[in-house]
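Number of protein chains: 2
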Amino acid sequence: MPTELTGTSFIGFSRSAGTAPCGQAVNPASGEKLSPQYMTATSEEVEKAMSLAAGAFPAYSNLPGSARAGFLRAIADKIEASVEDIAVRGPQETGLPEGRMRGETGRTTGQLRLFATLLEEGSWVDARIERAQPDRQPVPKPDLRSMLRPLGPVAVFCASNFPLAFSVAGGDTASALASGCPVVVIAHSSHPGIAEIVGNAVIAAAKETGMPQGVFSLLYGGGRTVGQAVVKHPVIQAVGFTGSRGAGTALMASAAARPQPIPVYAEMSSVNPLVILPGALTRGETALAEGYYGSLTLGGGQFCTNPGLVFLPEAQGDEFIAHLKTLVEGGQPATLLNASICEAYKEATASFAGKPGVETLAKCTTESGHGQGAPVVFTVSIKDFLENEDLQAELFGPGSLIVRGSVAEIETAIAKLEGQLTATVQGTDEELTANAQLVTALQQRAGRLIFNNFPTGVEVCSSMVHGGPFPATSDGRNTSVGTMAIYRFCRPVSWQNFPDAGLPAELQESNPLGIKRMG
Amino acid sequence: MPTELTGTSFIGFSRSAGTAPCGQAVNPASGEKLSPQYMTATSEEVEKAMSLAAGAFPAYSNLPGSARAGFLRAIADKIEASVEDIAVRGPQETGLPEGRMRGETGRTTGQLRLFATLLEEGSWVDARIERAQPDRQPVPKPDLRSMLRPLGPVAVFCASNFPLAFSVAGGDTASALASGCPVVVIAHSSHPGIAEIVGNAVIAAAKETGMPQGVFSLLYGGGRTVGQAVVKHPVIQAVGFTGSRGAGTALMASAAARPQPIPVYAEMSSVNPLVILPGALTRGETALAEGYYGSLTLGGGQFCTNPGLVFLPEAQGDEFIAHLKTLVEGGQPATLLNASICEAYKEATASFAGKPGVETLAKCTTESGHGQGAPVVFTVSIKDFLENEDLQAELFGPGSLIVRGSVAEIETAIAKLEGQLTATVQGTDEELTANAQLVTALQQRAGRLIFNNFPTGVEVCSSMVHGGPFPATSDGRNTSVGTMAIYRFCRPVSWQNFPDAGLPAELQESNPLGIKRMG
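If you're matching them up, the sequences are chains E and G in order. As numbered in my numbering, residues 43 to 561 make up the first sequence, in order. As numbered in my numbering, residues 43 to 561 make up the second sequence, in order.
Be aware that a few hints might be false.
Because identical chains share one entry, a pair is satisfied inside a single copy or across any pair of copies.
Stated by the list, open to error - No farther apart than 27 Å at their CA atoms in a straight line, the calculated lysine-lysine pairs in the DSSO-like style are these: (1) Lys90 / Lys458; (2) Lys75 / Lys388; (3) Lys388 / Lys425; (4) Lys425 / Lys458; (5) Lys274 / Lys458.
Since the hints were derived computationally from the structure, they do not count as laboratory data. Remember, predicted model here, so these are calculated numbers, not experimental data.
Could you build all of it, start to finish, from the sequences and the hints given here?
If you want it as structure tokens, here you go:
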């Protein structure tokens with residue numbers, strides 16, 4: 043039986059009444075409005091969600107990791123049980139195909155279970171033990187034990203481009219809940235229905251596993267009103283966000299201006315440079331063009347790791363260029379996530395086409411339907427690229443820019459690039475060694491370096507870094523994908539000279555949890 | 043032979059000419075000016091230091107950990123070789139006794155060698171390896187390997203209260219150099235001579251161990267001019283600071299307002315609450331008063347972890363109070379670090395004495411000499427404490443406030459406290475268990491919890507957390523003391539599908555460094 047959508051916020055275990063409408067979802071493929079009308083959470087309801095989160099924090103953060111793991115597994119189970127609802131509502135709200143919705147559901151439940159496994163194993167807390175040396179000269183050494191503890195309630199903003207994996211119960215929520223932080227989610231106006239389906243799953247899991255009320259709330263209302271109120275609220279201790287650079291830097295400014303500044307983990311914009319070295323062309327220009335075109339157009343080109351900037355040696359790669367042209371011209375326009383993203387993509391590609399030295403290499407010949415964006419590839423010389431910083435801007439959609447120059451010029455251009463989520467090199471092993479300086483320059487600007495793969499496809503695992511220097515993210519010291527994401531919501535705490543009974547289990551002398559510890 | 047002091051900055055391996063004087067050190071005990079005159083680094087010299095640091099970064103960050111360890115050990119050796127100079131100049135510049143100067147020199151060289159040992163062992167980089175699974179369905183799993191890499195050049199501000207351990211080659215510099223970041227130090231106007239002695243040691247060590255020029259510079263000039271220019275410079279990627287809340291929050295604002303915001307690790311103000319439970323009084327009120335008085339007055343009360351706020355059950359502890367009164371009245375004034383700290387201490391204690399409900403319990407009866415601050419203890423009821431947030435302000439010097447109330451009232455008051463470096467409980471094991479909520483409330487507000495010890499005496503080890511929620515520090519997710527301090531200057535980077543020859547040694551298949559790795 044499909045979940046009934048009510049259009050109201052989740053304030054802990056209660057549903058909000060709301061008083062003012064904040065809009066309906068719109069099918070981007072048709073422009074059709076979808077029921078129900080969603081209602082803005084009132085200031086009183088926001089306040090109530092905050093007070094419930096603060097109240098839940100001491101109990102929730104002191105639960106054993108295994109109990110939090112049980113909660114995460116229950117969320118995954120409940121989401122899985124709602125997959126048919128997601129498969130129906132998802133495509134209507136996002137224009138993404140049903141298969142993608144099912145796949146992303148699997149990614150989301152996989153993430154939740156990965157964090158559950160991390161908690162069950164338990165060693166992630168980085169327990170460190172240095173025992174007392176009462177006879178040390180000139181002063182005795184005290185017993186000192188440290189481990190990571192959660193920061194406090196976390197605000198999570200849903201992303202437009204991953205309505206499940208980076209939204210209500212996505213990576214930010216999973217890692218924050220895993221760390222021991224209650225979460226207050228702010229829904230995205232593009233897919234409020236998917237948010238409600240997943241919100242129901244989280245609340246059902248919280249009740250079933252006996253979590254304190256306030257461990258989770260889900261608020262509807264504008265990001266600039268409800269969202270800003272949440273970020274400025276003294277209860278909130280960190281923020282997770284995936285979206286545009288404008289919205290991300292606005293959140294950073296609000297968080298820095300609080301009486302108590304808090305960390306904002308904003309994953310913003312990245313053009314994910316891809317450097318083609320001559321050896322990659324020798325290996326096969328057609329296959330390279332096909333691989334590149336596939337990565338560029340995956341998910342309508344709306345992935346954070348979309349390779350929007352290619353460096354190609356000049357006077358080489360004619361076949362790569364020719365085949366890419368054929369693929370782009372014969373390709374299909376994609377329904378973009380919402381009307382404003384579609385509009386922004388059309389404006390950005392039109393503006394690119396008019397910039398000095400920029401030529402349109404290829405444009406999809408099929409006419410775009412309602413809400414669609416068409417694949418397009420521009421070219422420019424390194425010289426013109428370096429003279430116009432605007433050309434580093436992200437084309438959010440299936441558009442890209444190919445920059446032509448010598449390998450030496452490419453190295454110079456890389457030194458001028460902003461921070462990136464990823465940087466890719468296509469070439470031979472020998473070229474990787476011969477161009478060590480170029481690779482070092484890329485490493486200094488990116489969170490993930492890729493060799494002879496494409497950047498889309500972000501593996502959820504212990505060694506993934508989905509982060510990178512500003513403006514790729516607000517804070518390049520972290521990742522928002524993979525198990526290391528949990529560290530964003532923690533801080534280390536030391537206990538000095540405490541008896542065993544006063545210590546967390548992780549630090550007790552007998553190591554009752556059997557975790558790996560230092561010392 | 044004593045080091046000759048020239049009064050000029052270290053711009054990489056060169057000495058600056060300077061053009062404008064920025065002042066001489068002043069002996070706080072006498073008001074006497076000390077030679078030489080120090081010269082402000084010019085904007086050109088600042089720019090040169092920045093460009094040298096940027097140039098040194100790729101080479102320095104790619105050195106093996108063992109080479110950086112050799113550099114740190116050489117710095118420690120050179121500082122040790124200058125200890126007689128420090129023992130002469132130190133007390134003149136700071137009013138601190140010679141023994142403290144020798145002890146702090148040992149702490150500083152010990153810190154440097156501790157980080158060297160960490161690098162030599164090598165596992166600190168958190169290497170994580172997930173191997174490819176080419177046959178995985180529905181998509182192959184790529185080879186993904188991650189480890190920590192340094193952020194880039196770091197600015198370090200010297201602290202007034204630790205002219206060695208938190209200054210030119212102190213904890214911030216040692217941990218940043220260990221991580222692979224070049225360091226630009228801004229000297230403190232109170233102890234420019236100690237800075238120059240240590241600066242000479244660092245440069246001699248850099249030359250001896252073949253470090254790239256620009257790995258270290260030391261600049262003289264005002265924190266608000268030269269310091270701000272450095273923090274705003276695009277080359278700088280992080281800032282280390284220990285000092286006042288006003289100066290620390292100004293640096294945070296500057297760093298957040300940069301086109302590329304950067305992290306500021308500012309260790310600022312903390313009153314380090316100490317909760318006395320009845321069992322501690324039963325154990326011995328006189329000894330408790332002596333322990334407390336010793337911690338309060340150590341180093342003239344100018345330690346970051348000075349216990350400036352005591353919660354004492356009302357209608358108990360008469361003997362503790364009486365003995366503390368005797369100790370304070372019969373104590374000695376201390377020469378404070380400089381004239382402005384002395385002035386601020388006098389103003390703050392005078393202001394405390396006049397606040398509603400505040401009574402002066404005891405004041406040192408010996409008259410203060412030039413530049414001295416006298417021990418003083420105030421008392422106030424919980425009710426008045428809660429009505430006046432100003433009473434949470436730090437008295438930087440040997441002054442403290444005792445707050446009286448019931449244990450239940452103390453718990454309420456703790457929930458209103460700002461973030462702290464430390465929180466101490468004195469009591470019995472049974473009281474620790476019985477007051478779990480109070481301990482949880484303290485844990486949520488502090489970086490280090492102490493039981494039946496005093497907070498002064500910060501052990502330099504792997505499990506020390508010298509940090510805590512704002513405003514104790516700018517960023518409570520870190521520590522500035524102990525080996526975990528290195529993590530402040532790093533970010534994780536992933537390598538996907540790289541051949542062994544393109545990987546850092548830490549991630550190569552054969553594990554040539556023999557470090558602990560995940561996977």
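- How do lysine 425 and lysine 458 come out at 27 Å by Cα distance, when the copy is not named: within, between, both, or neither? within (12 Å within a copy, 59 Å between copies)
- Message: As a check of your reading, is lysine 274 near lysine 458 (CA-CA no more than 27 Å) within one copy, between copies, both or neither?
- Response: between (35 Å within a copy, 18 Å between copies)
- Check lysine 90 against lysine 458 for me: Cα-Cα at most 27 Å, and say if that holds within a copy, between copies, both or neither. Close across copies (20 Å), not inside one copy (47 Å); limit 27 Å.
- Task: Can you give me the call for lysine 388 and lysine 425, within, between, both or neither, at a CA distance of at most 27 Å?
- Result: within (26 Å within a copy, 63 Å between copies)
- First find the shortest C-alpha distance between lysine 75 and lysine 388 inside one copy, then the shortest across copies, and answer within, between, both or neither for a cut-off of 27 Å. Only inside one copy: lysine 75 and lysine 388 sit 22 Å apart there, 68 Å across copies, limit 27 Å.
Hint check: no violations occur; every hint is consistent with the structure.
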